[in-house]
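Number of protein chains: 2
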Amino acid sequence: MSKAKKIKEPIILITNDDGVTAPGIKALTEAMIGLGKVYVVAPDKPQSGMGHAITIGHPLRLSKVHGIEGVETYSCSGTPVDCVKLAVDVVLHGKPDICISGVNHGANHSINVIYSGTMSAALEASIESIPSVGFSLLDYSIEADFTAAKIYARKIVEFVLKNKNLDKHLCLNVNIPAVDAKIIKGIKVCKQAYAKYEEKFDARKDPHGRRYFWLTGEFKNFDKSKDTDVWALKNNYVSVVPVQFDLTHYELKTKLEKKLS
Amino acid sequence: MSKAKKIKEPIILITNDDGVTAPGIKALTEAMIGLGKVYVVAPDKPQSGMGHAITIGHPLRLSKVHGIEGVETYSCSGTPVDCVKLAVDVVLHGKPDICISGVNHGANHSINVIYSGTMSAALEASIESIPSVGFSLLDYSIEADFTAAKIYARKIVEFVLKNKNLDKHLCLNVNIPAVDAKIIKGIKVCKQAYAKYEEKFDARKDPHGRRYFWLTGEFKNFDKSKDTDVWALKNNYVSVVPVQFDLTHYELKTKLEKKLS
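These protein sequence lines are chains P and E, in that order. Position one of the first sequence corresponds to residue 84 (the working numbering), numbered consecutively onward. Position one of the second sequence corresponds to residue 84 (the working numbering), numbered consecutively onward.
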């Protein structure tokens, strides 16, 4: 790497799934000030639970909007994954040095990684070999305190920018407990817990007598080991789970080769 | 297991992402006749590319519709993942013996597994410890020939029903090449190829002069090994990739533990 390249200001792309006006993305943007040239490309409306959805049936809109002073900010009519694709192809005309997503209002530990638009945006970047991190705070409130999230987001982004070569598709799922920054014990690298929602639909009738259903559920942790994100968060650590997009179940593959091929 | 339980007819839940009226789901339903009691719960409109999206911001509708003779069929206003959740909680009031998804009109090999509503429905079932299989045919056409897909779907479902104990969260991603059944060489258990789309947005102007963007892209395979789904399909095998929902990158976890904790 040339010396000139080394001192070039890193390009930081920020997105989220709560929408461009959410307090969480404002907090994350503020936390990056001074670390590089920041761009925000985020959905124009809440996109929680969108998973890795992309928009193929209709076209996308992209509008320059007013964001934080000095930060080029765009709102996009698509999903978080669409935002990453559009940002790379249409806004940046190339890959940023890092793509960060969040700070999500609410947890994305354990199985939530699968449903989360925040994490899918990060995973999309990593597919493109852009180092990425998704940040989530365990507080759904619009008035959540992002102080600790900002401290750890900055710390982790600085770490990733210095350690990009750890993996070609580096992607981290970071969750921050909803406690005062002073109470947080530090960072814990974890695995994804097997914890999930036990769904129950709330069936109602509309004014015309037709049934409709609201998705509800209770979160349950089935994973009692101490190296999971759920354990770390319960014990006031910031959890960091490195994630990947190769879904191959290699152990089962070996078993099946003997039986099915 | 009691004898009574052994002879109980298996419950087969079918869903897809192309919608309840797609030829692919009709073909899959027909292929299951005689294997068990079949229920269809599928989206009321195309939901391709929806990934693991769930509907949390508004309620869901579920309507009984006319399907194949003798098969209870429902159309649902939600995503493929919503369909699985609703089917288990509201239609079946319990878990089926297997959940199958498809036959998708178009490939879901390699990175497509992440974007695919077909595969997300199957993965959702596996999270609930329901053995599941997603089927996709490498032919987008509404008039695609599902003959080979039906033969292999039946074969693989029979195998899974007999081998449920192979994994607590058994989930298979099955792709069928778009060739005559006689040309297919058999089944190949594979890993997910690192192959992806090189995106390019087609920028246009609407009649009012405002820009909009269509997602387009070219598929590129970066994985030259012979144990991938892309290789198998190119060589006229039915590809079977066992997939999992634990996204933890364990190798990177070990590296990070030394550097970040």
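Fair warning: there could be bad hints in the mix.
One copy or any two copies: either way a pair holds, since identical chains are not told apart in the list.
[As the list claims (entries may be wrong)] With a Cα cut of at most 30 angstroms, we get these calculated DSS-like pairs of lysine-lysine:
{"id": "1", "residue 1": "Lys283", "residue 2": "Lys128"}
{"id": "2", "residue 1": "Lys91", "residue 2": "Lys309"}
{"id": "3", "residue 1": "Lys128", "residue 2": "Lys91"}
{"id": "4", "residue 1": "Lys283", "residue 2": "Lys268"}
{"id": "5", "residue 1": "Lys309", "residue 2": "Lys338"}
{"id": "6", "residue 1": "Lys338", "residue 2": "Lys147"}
{"id": "7", "residue 1": "Lys309", "residue 2": "Lys120"}
Simulated from the structure, these hints should not be mistaken for laboratory data.
- Item | Intra- versus inter-subunit Cα pairing at 30 angstroms for Lys128 with Lys91 | Neither: 34 angstroms inside a copy, 48 angstroms across copies.
- Quick one: Lys338 to Lys147, C-alpha cut-off 30 angstroms, is that within a copy, between copies, both, or neither? neither (52 angstroms within a copy, 40 angstroms between copies)
- Item | Lys283 and Lys128: within-copy, between-copy, both or neither at 30 angstroms Cα | both (26 angstroms within a copy, 24 angstroms between copies)
- 30 angstroms Cα threshold - placement of Lys309 relative to Lys91: neither (41 angstroms within a copy, 40 angstroms between copies)
- Task: Can you give me the call for Lys283 and Lys268, within, between, both or neither, at a CA distance of at most 30 angstroms?
- Result: neither (35 angstroms within a copy, 44 angstroms between copies)
- Check Lys309 against Lys120 for me: Cα-Cα at most 30 angstroms, and say if that holds within a copy, between copies, both or neither. neither (38 angstroms within a copy, 42 angstroms between copies)
- Taking 30 angstroms as the upper bound on the Cα-Cα distance, should Lys309 and Lys338 be classified as within, between, both, or neither? Classified as both: same-chain Cα gap 28 angstroms, cross-chain 18 angstroms, threshold 30 angstroms.
Hints 2, 3, 4, 6, 7, counting from the list given before, are not met by this structure.
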